[in-house]
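Given chain V, work out where chains H, B and G should sit, using these hints.
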Amino acid sequence: MSLVTRIFTQRAHSSQLSRLFCLLGVVSIAFLSNLSLAAERLTLTGSSTVAPLALEMAKRFEKNNPDVRIDVQTGGSSRGVNDARVGLADIGMVSRALKESEQDLTAHLIALDGIGIIVHSSNTVKELSRQQIIDIYQGKIRNWADVDGPNLEITVVNKAEGRSTLELFLHFFELKNSQIRPQVVIGDNQQGIKTVSGNPGAIGYVSIGTAEFEHNRGTPIKLLPMDGKEATVKGVASGEYPLSRPLNLVTKAQPEGFAASFIEFAQSTDVLDLIENQFFVAP
Amino acid sequence: MIVAETLAPRLSEDIIESRAPAHIKVNELAIYYGKKLAVNGISLSLHRGKITALIGPSGCGKTSFLTTLNQLSKLNNQVTVTGEIHFDGENLTQNNVDLLSLRRRVGMIFQKPNPFPLSIFKNLDIPLKEHGFKNRAERIEKIENALKAVGLWDEVKDRLNTSALSLSGGQQQRLCIARALVLEPEVLLMDEPCSALDPISSGIVEELISSLRDKYTVVIVTHNLAQAKRISDYTAFFWTQNGAGKLIEFNNTRQLFSGPKDERTAAYISGIKG
Amino acid sequence: MIDRAFSLGIYAIIALVIATFGWIIGDVIIKGISVVSWEFLISEPEDAGRAGGIAPILVSTLYVLIIALVIALPLGISAAIWLAEFSQNQSHTLHVGIILDVLAGVPSIVYGLFGNAFFCIYLGLGYSLLSGGLTLACMILPVFIRTCESGIRSVQSDWRLGGLALGMRRSVVIWKILLPAAQPAIIAGLILSIGRATAETAALLFTSGYVDRMPESIFDSARVLAVHIYDLTMNVTGGDETAYGSALILIVLIILLNTLAQGFIDSWFKRSGHYR
Amino acid sequence: MGALSFVCAALLCLILGFLLYESWSLVADGRWLSFFSQTGWYPLEGLFGMTPMIFASLVLTFGSLVIALPVGLACAIFLEFYAKGWVKKSFQSLLNLLAGIPSVVLGLWGLTELVPLIGQIKAPGTSVLAGAVVLSLMILPTLALTSYAALTSVDRSILAGAQALGLTQKTQILAIAVPAARSGIMSGVLLASARALGETMVVLMVAGNVVQMPSSLFAPVRALTANIALEMAYALGGHRASLYVSGLLLTIIVWILAYLASYLFNKGRTVSHD
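Those protein sequence lines, which keep their order, are chains V, H, B and G.
The letter at position 131 of the first sequence is residue 131 when you use the numbering used here, and the numbering goes up by one with no holes.
The letter at position 188 of the second sequence is residue 188 when you use the numbering used here, and the numbering goes up by one with no holes.
The letter at position 250 of the third sequence is residue 250 when you use the numbering used here, and the numbering goes up by one with no holes.
The letter at position 217 of the fourth sequence is residue 217 when you use the numbering used here, and the numbering goes up by one with no holes.
Next up, chain V with everything else stripped away, as it sits in the complex (with noise of 0.2 Å):
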């Protein structure tokens, strides 16, 4: 700190120049000798749906091999799937199933997760239908007093292009995005919470994993029925709940080293509570 403000007080100067650059080399140096200490590294990146509970799978992997960083990144299903292909990732995480054109990569199956329609939890609107569904994510439904629901206008949640959550959802309700009237557009499931915990009018979609995460944490939302069936977990690990996806890892080839055991170990009985508390269901 002593050299910081002697150079930058000093009136008379003319070797200050080359001791910030002297300083700047140190520090550079210190840089550089760090580079040799750095661990073996897994990157995961791909679907928000995915990325919380490979976290804590992660931390718990880190724990039992301490050689080994991981560093988990979000960004929607497709870019898991991108990244995992051109290697900026060794493992991507998908929330849906492959698609034909991905058959380049392989799969590994870690758990189940539904969709789930939200709402703010101060909406008094019991069920939508399909039907219903549709209309207001069409714009024929412009207000919630329309579905036996309180005077309020309906702000339209909806996810942007690449997240399988949307995928999922247009496909369910055989929809196409561009017939979605929209009035909010988000990326990751926990901004469609915020954003729909923050507005009494809103409906969304997410992940129900989510959703009941954060609904136990006391945020303001609560999950709407499907077809008359309880979105909940158990919903979906008996199947009953029709809006439901399988959550993947993917890699490029045969997964080695850490990477194949990360994906071994996610697979494994040891990750089971960690699902639980995340509210997905294994597989």
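Computed Cβ-Cβ distance ranges for the label pairs, DEER-style:
1) 93/B with 207/H: 42 to 52 Å
2) 88/H with 156/G: 58 to 68 Å
3) 91/B with 27/G: 26 to 36 Å
4) 47/G with 64/V: 45 to 55 Å
Hints in this document: simulated from the structure, not taken from any laboratory.
The beta-carbon is built from N, C-alpha and C at its ideal position, and this holds for glycine as well.
Then chains H, B and G, alone, in the frame of chain V:
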């Protein structure tokens, strides 16, 4: 006196040359900016230990000529110089001249005082270090001597580490002269060293320049004819002819002012033209 | 009468401006101060940043800044010296100048696009502190070069000539006389660049990523303060409080740097003014 | 030294090169033309209509100017004609301080304070209005300070003349001073709009991100920059290339604005010197 005036110019130059040896001898020097001729026809001798004044109207090539003597003209790659400048047997217009050692031997003082934005001490210390004086005690001694030589020592000895820019204009100019002297040059080039100063400072600097006589060969550009008359031993008169500067007359100062041989010189010094 | 109404109008707008910015700054300070503590600065974020502190995020911010500076500083200063001192070819200098001005105007998100394509994928650095730092270096270089260049150019040519007339080498004149004289401008440019780099979010989203853990090497992905604020605001329910805390820290950091820059610019003008 | 600066120049060319390289697949076969003809942005369905987002960007920028320009001018007038002494100094440093607030912090404030307010009028609150207001707060300090500089450089004698005619202060300011400073003010406006157009975080956080033509002040919209930030993370193939094209497009618009700004600035300078 009367004899000298009536004699032909050739004779007077012969007399001069026989009295004081030439330190720098310039022969048919011409300066071009790009393709345009800027100055030509300069042939003269600068005598060791004497003060030579260059006079003439603005834009007639005095300063351009001055900068060829320490090859500062090379900074501008548009400038080409032809002819010869003999300095201790070396022709400066050749390309193989060691510029750094040349500039150490030929110091220069600029119109505007230009002390570096450093302390008074460092202004003199950095050039010394640059020219290989490794011993600090030796450098301190040289600096003290140079400052004494310009009469600045008593004024600044207690604040050598303060900024040179805090000095007055006259003090700054004397510091610049000290900075040139500290390298122990043989020749000093001065480009209107007093013109940016107030009359009192100007007088002090002028006295200082006078006191440099015999120790250094001084070439001074000045617009102040009275000053040229007061301090110089020789005077060269430049004039613009056909768009290019030209040396018209070069003579012993007393003779040039009392009996100019060219009518343009006569007109200029009597204040009719320029 | 007309004058009075006009003056009142002006004062009303000024009051509005002060009130609005007072609201923003007051908001950040009041909501932020309740979160900020020594603990906050030195502990790891917990529960996606809702609790805990910002230690790894501060460290990552500094990492990215220092990487950017280690690259941009020497490169920028030498480019500025070259532009101001050595380039004899006027049109060449002009062209480089135009390229720099153009690049200075490129939106930061576009630097993010470039950084992602070049550093992360093409050079294979992945989402890492290094990619982020390099991207920021590219982003701050144009402005930094231009500030330094004008600083060096504005150094009086008398000093240049004076140095050369004393038989000093050109490199010595530049290093010992011109650069120290231009130093306030260089440091001001430097600090402004630091301010810009510290506040940057968009360019880092796809280059350094947003892993909120303590980085162990420059190849680790990590989250800087600005990205942390963004993530807390947008993606974390109940993350607003810590977002305000982080915002307070970020603003204090930047004000500190800006004040320093301003001080240097002032002293720079004072000194050259004194001389003239 | 030269080599280093060439590295530097090369690096900067690389940026342009890579942007072009990444977007080339769309530019080369002319598919980029469909960005303007298609109406919607549904990359999953192969629709890449950028027009709504270009419009949103322009509307947000324009809206922010509509708010910030009068307020910024008022601040400049206040600084130049009303404020004195410490008031002036502290208002100036307030503006400087505000100029240093990171845009992400403004976004945070907008999302947590302003958006809920607007949401009470019409849900959800994330809208053109919110985006324009927060953007205007972002550009206000710059706009005020550049306008102030322009007003300061207006020739004092013009104002003295106006005063001598007995004009009211309002007329002096609005009819004489502001028009005389208009080129400086305009160049500030153009720079500010370039900044607003290139800003990502503010519009990403408070404008709602729905791809649609802005139909009302309360309609949520998605700007070009926000689109890049939102979709870059998972865009592939043509989708990714289209984001790079939008980056290029943005850059070109910003350059044009910056060029106009410097043109006006220089013009203003030469005029005031004449």
